[in-house]
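Participant: Chain residues, written in single-letter form:
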Amino acid sequence: MDLTKTPGSPPGEPEIREMLLNVGPAHPAMHGIIRIVTKLDGEQIVDTDVEIGYLHRGFEKMAETVDYNGVIPYTDRLNYVSPLINNMGYCMAVEKLLGISVPERCHYIRVIVSEISRITDHLTCVGAGAMELGAFSVFLYMIKAREFLWELVEMVTGARLTVSYCRVGGVKADLPEGFDERCRKALQETRKVLAESDALLTRNRIFVDRMSGTGKISADDAISHGITGPFLRSTGVEYDVRKDCPYAVYDRLQFDVPVGTRGDNYDRFLVRMEEMEQSIRIVEQALRDLPPGPFLAHPETGRPIPAAEMVDEGKIGNIAAIVDARAVTDPTLEGAAKSQHPNIEAGEKRVFLPAKEDTYGNIEGLMQQFKLVMYGHGIRPPKGEVYFPVEGANGELGFYIVSDGTSSAYRVRVRPPCFAIMSALPKLLIGDMIADVTPTFGSVNMIGGELDR
Amino acid sequence: MNAASLIQAVKDRFPAGVKASHSYRGDATVILGREFLLEAARMLKEDTLFQMNFLMDLTAVDFSTFGTKRSPAFFANSGIAVSPSPEIPDADPWPGPPGGHPSAGAAPGTPGPARFVVVYHFFSLPLKHRLRLEIPVGEVEEAEPEVDSLSSLWASADWLEREVWDMFGIRFRGHRHLKRILMYEGFVGHPLRKDYPVNKRQPLIGPVN
Amino acid sequence: MSDHAGFFTSRLDEAIGWARKFSIFQYPFVTACCGMEYMATACSHYDVDRFGAGLPRFSPRQADVLFVVGTISHKIAPVLVRIYEQMAEPKWVVSFGVCTCTGGFYDNYATVMGIDTIIPVDVYIPGCPPRPEYVLDGLIKLQAKIQIQHSTGQRPRPEVRPEFER
Ligand code: SF4
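Chains as they are written, first to last, in my numbering: chain A, 1 to 453; chain B, 454 to 662; chain C, 663 to 828.
Honestly, I wouldn't trust all of these hints.
[As the list claims (entries may be wrong)] In silico DSSO-like links for lysine-lysine, alpha-carbon gap of 30 angstroms or less: (1) Lys498(B) <-> Lys427(A); (2) Lys185(A) <-> Lys356(A); (3) Lys243(A) <-> Lys498(B); (4) Lys243(A) <-> Lys753(C); (5) Lys427(A) <-> Lys581(B).
[Claimed, not checked] Label pairs and their in silico Cβ distance ranges: (6) Lys243(A) <-> Ser605(B): 25 to 33 angstroms; (7) Arg712(C) <-> Phe136(A): 45 to 53 angstroms; (8) Gly642(B) <-> Glu284(A): 46 to 54 angstroms; (9) Pro579(B) <-> Ala750(C): 30 to 38 angstroms; (10) Glu751(C) <-> Gly213(A): 45 to 53 angstroms; (11) Arg281(A) <-> Arg626(B): 46 to 54 angstroms; (12) Glu277(A) <-> Asp709(C): 23 to 31 angstroms; (13) Leu140(A) <-> Asp500(B): 46 to 54 angstroms; (14) Ser605(B) <-> Asp709(C): 52 to 60 angstroms; (15) Asp500(B) <-> Asp180(A): 49 to 57 angstroms; (16) Glu638(B) <-> Met19(A): 18 to 26 angstroms; (17) Arg712(C) <-> Ser137(A): 17 to 25 angstroms; (18) Arg626(B) <-> Val37(A): 23 to 31 angstroms; (19) Lys632(B) <-> Tyr360(A): 46 to 54 angstroms.
[Said to hold, decoys possible] Over the 12 angstroms line for every Cβ pair with chain C, so calculated as not near, a few chain A residues: (20) Met19; (21) Met131; (22) Leu175; (23) Cys245; (24) Arg281; (25) Asn318; (26) Asn362; (27) Asp452.
Bear in mind the hints are in silico, worked out from the structure with no lab data behind them.
Beta carbons: idealized from backbone N, C-alpha and C, even for Gly.
Excised from the complex, chain A in its bound form:
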């Protein structure tokens, strides 16, 4: 075959042919594993095919095999950059299924930690995206800031990344002593880093040239693809689950939803930068308003009867009287460790795990723990189905749960926000240069665990 000429081209003319270029699955500019097959005309992309699924770990199938509390660690690993938001989304979905509500303080704590998570997510996204364009120092700064926030997260949850902090009906533990101060300090550091990065990037000629005008999408296309979150907002559509379908206590907090105008990479960068600022604002307000009180769910079923009376009823065999009852004890009879944890509430025992101090400290706590974690026991919500959306770092993160009344969910489906964005990737890339794949892919913020589950 004569490779120098296309059959139909006139003699002497340079031959024009398209070239296939395969990027990924293991490619340095792809943080995460995904394969993009591009068809190039010179440097321009004329067609692409995106192949995903390299990190499919069977989340949905696993969730059917473990009990309701057992799913929480799996949710950590969906969007592993902001696990606390996933925890919150899942727990709120189960709470909706159970029809219970959690106390005020718990809502505030969840809001605080999930906003911290959102900041770390955006920091990683912007930092990694900037690194791929050559701004390595920005990456180091942002990871430094993330490290401060992770130390904070570790202080609250005991883990840096895979936190499993939320519980159905509450959170694992109250905020630790001195959290306020540490948090303010960390946020200040973050602000400093944001200002530095802003100075390094926002008006940086190289950065702006590579980001603006690339990876463009119109608002209509974005909506049709089901894109939500910062990505949608960069096209000028003001949709934020926290504002439009408020959950927890977001309707009581003041924050703005930044929107872009052009829907290109640069706008997405600006939106993310501004969102971090807003998240810091939310955390500060929530810390200021944090009400005292219990952080685990109040019992809504079960009438309280004194413990001694309950024992008596039990002794005479009157089971009917104590089936739905909740024993209340004299405060002096509580475990010795109780006074140190004034906020721990002995609430709905059929739903949430006891505080760790109780599990290790007294027999009731241990039994309650066993009744919830033992195989075949655990939370048993009524039969039903619910969908609950929260605003994840990438957009609407929804959990759809079907229960068949047993201790493990019949079906858990998660609506992954970056799945929608990735499905629009061909649209974002076609027409751009091959070098624009890097910034576009960076601003998509693909998270493998969430995309492929």
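Since the structure of chain A is already known, use the hints to place chains B and C with the ligand on it.
Facilitator: Showing chains B and C with the ligand alone in chain A's frame:
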């Protein structure tokens, strides 16, 4: 619109198509015959009353083992049964699987209950309401049941339908290239079906461990 | 004669081992959550550069340590093996995170139950994800291993344990 009026509005438009509806925990849910899907979806998108411009989620549920899962009694082999904690009571109960109880079996001569339910979650950005649409499929023991594809109406349906095909083996009529998305070519079976064992591996390389 | 030769080669081995262990060029094969901790370890807080492993190479042909970071699914497994085969000897493999060590808690149809079923592994760093301190510890162990290795890259013969043979 709130859940009740939303359901009523859909019912008014499709008196024949709506099989059932409920608003369990406030989620407006309409169960529709599968032949009405495309028409109903178009109406939901275009009608000024609904304006559902987002197809937020599309998934399926395999109801074939619904209600048959036994809560494992713990010391069963020693003869001591331990009953698990009681179910938490519900004031407003859920009407049950949308396609009927597949495990219950059907009376001879009548169409059997549906095995799968394809679940659509719609959201309207201008009106801020959500609707769940459920389409029971697979009544007649079809190996690969089929529903209409919504990819002509919402671009998001494209990948989501591929995922449902991959995970459940439900075909979408009118989809451009229905191929696997999360699993690889050469994978046999559909992992989220209830009869696919959770740890049945089909490695491309290396041992089956 | 052989005494002297032995003396020289062992000194040479030592010198080469010393040089190798402080110039680790790693290839991070990052797939999942552990990648976040990998990033944290590589950045300024924990500074993996102190151990001479600060320069990740994104080409397998230039790298001598393969860091397998994150869950390996059956779909990506052939790619991993291919990358491993492309690396030049001497090469080492670090399995980072419990998913790569044993499959972790993803015991299901999609994941490989430990990458040692498909490629040889030198150092296992468990943890889900391992903390940066663990990673540094694993790296030091790897360095010790590199140090005692023969200069041709041949590994010390594995211990024979017939009782575990199948
Ligand atoms: S070991 Fe844990 S953190 Fe690491 S990839 Fe596996 S699940 Fe994620």
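Participant: Against this structure, judge whether each hint is valid.
Facilitator: Status of the hints after comparison with the structure:
no., hint, in the structure
1, Lys498(B) <-> Lys427(A), "holds (22 angstroms)"
2, Lys185(A) <-> Lys356(A), "holds (28 angstroms)"
3, Lys243(A) <-> Lys498(B), "holds (23 angstroms)"
4, Lys243(A) <-> Lys753(C), "violated (53 angstroms)"
5, Lys427(A) <-> Lys581(B), "holds (27 angstroms)"
6, Lys243(A) <-> Ser605(B): 25 to 33 angstroms, "holds (31 angstroms)"
7, Arg712(C) <-> Phe136(A): 45 to 53 angstroms, "violated (18 angstroms)"
8, Gly642(B) <-> Glu284(A): 46 to 54 angstroms, "holds (52 angstroms)"
9, Pro579(B) <-> Ala750(C): 30 to 38 angstroms, "violated (60 angstroms)"
10, Glu751(C) <-> Gly213(A): 45 to 53 angstroms, "holds (46 angstroms)"
11, Arg281(A) <-> Arg626(B): 46 to 54 angstroms, "holds (49 angstroms)"
12, Glu277(A) <-> Asp709(C): 23 to 31 angstroms, "holds (29 angstroms)"
13, Leu140(A) <-> Asp500(B): 46 to 54 angstroms, "holds (53 angstroms)"
14, Ser605(B) <-> Asp709(C): 52 to 60 angstroms, "holds (54 angstroms)"
15, Asp500(B) <-> Asp180(A): 49 to 57 angstroms, "holds (51 angstroms)"
16, Glu638(B) <-> Met19(A): 18 to 26 angstroms, "holds (24 angstroms)"
17, Arg712(C) <-> Ser137(A): 17 to 25 angstroms, "holds (19 angstroms)"
18, Arg626(B) <-> Val37(A): 23 to 31 angstroms, "holds (27 angstroms)"
19, Lys632(B) <-> Tyr360(A): 46 to 54 angstroms, "holds (52 angstroms)"
20, Met19, "holds (21 angstroms)"
21, Met131, "violated (10 angstroms)"
22, Leu175, "holds (22 angstroms)"
23, Cys245, "holds (28 angstroms)"
24, Arg281, "holds (25 angstroms)"
25, Asn318, "holds (44 angstroms)"
26, Asn362, "holds (29 angstroms)"
27, Asp452, "violated (8 angstroms)"
In summary, the numbered hints that this structure violates are 4, 7, 9, 21 and 27.
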